[in-house]
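S.K.: Sequence:
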Amino acid sequence: MNNSEEKPLHMTPEEFRSAGYAAIDWLVDYLKEIEERPVTSEVEPGEVRSSLPEHAPETGEPFQDLLDDMDRIIAPGVTQWQHPGFYGYFPANSSPPAVLGDLLSTGLGVNGMLWATSPAATELETHVLDWLIDLCGIPKRFHSSGAGGGVIQDSASSATLCAILAARHRINRPEEIMKLRAYVSNQAHSSAEKGLLVAGIHHQNIRLIETDENLSMCLESLEKAISEDVEAGYLPFFVMTTVGTTSSGAVDNVEGIAKLATQV
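Taking my numbering, the leading residue of the sequence shown gets 175, the next gets one more, and so forth.
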């Protein structure tokens with residue numbers, strides 16, 4: 175085959191348009207009929223993989239063939255997270271507007287790490303976070319116009335790690351890192367302990383605080399643990415509150431914990 179007959183490496187604009195319409199049609203039908211599917215997959219272990227080619231294809235397939243594979247292999251092999259009967263983990267984690275937003279964002283394919291790399295991305299992110307502050311009733315000092323502001327993290331686990339690092343930086347005593355003590359509920363998500371370990375906090379310096387009959391962090395136990403640690407020469411630097419934790423839906427007394435933390 176000479177060069178003039180070689181298939182283009184990329185979709186033509188019209189191929190992209192046609193495939194995009196087909197993908198949206200597939201998603202619309204999937205969501206429209208999702209209640210007819212079982213919430214959890216009924217495939218056996220290894221069944222999905224055995225349906226795939228042993229080796230990566232050397233040439234691409236028509237897009238419609240991929241959509242057929244979605245019907246035949248992928249959709250039956252996933253937990254239907256958008257099913258109205260699914261209540262695990264993070265229900266309502268998507269919506270048609272969110273899908274379209276992802277499509278536009280992915281299509282632009284920009285890197286928003288700096289204002290210079292994508293001014294619109296940086297300013298939109300900053301503005302949306304200020305909106306969120308207002309919606310949640312958080313004090314104005316957290317706005318980007320002051321000493322606050324921030325960036326949207328890719329997950330709650332990443333956000334937890336950022337909070338831990340900020341707390342460690344604020345105390346600013348690197349030579350005494352082995353004295354730093356952190357406090358989390360025994361119902362808290364595992365990302366709390368993992369984040370603390372990543373931040374260099376030794377496992378023995380992570381205090382798991384017991385909970386009350388509502389699985390909320392016990393303020394008396396927290397206060398007792400902090401007092402014991404201060405008396406022993408440790409440096410309390412971080413307490414994590416939980417609001418609707420994954421394992422039990424527990425909600426801590428955020429206001430009470432915050433008040434106690436300011437007294438340390």
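Source of the hints: derived by calculation from the structure; they are not laboratory data.
In this text the structure is predicted, and so the values were computed from the model without any measurement.
Worth double-checking, as some hints may not be accurate.
Straight-line C-alpha distance at most 25 Å; calculated DSS-like pairs for lysine-lysine [what the hints assert, rightly or not]:
{"hint": "1", "residue 1": "K398", "residue 2": "K433"}
{"hint": "2", "residue 1": "K433", "residue 2": "K353"}
{"hint": "3", "residue 1": "K314", "residue 2": "K433"}
{"hint": "4", "residue 1": "K368", "residue 2": "K353"}
{"hint": "5", "residue 1": "K353", "residue 2": "K398"}
S.K.: Honestly, which of those hints from before does the structure not fit?
M.R.: When the structure is compared with the hints, none of them turns out to be violated.
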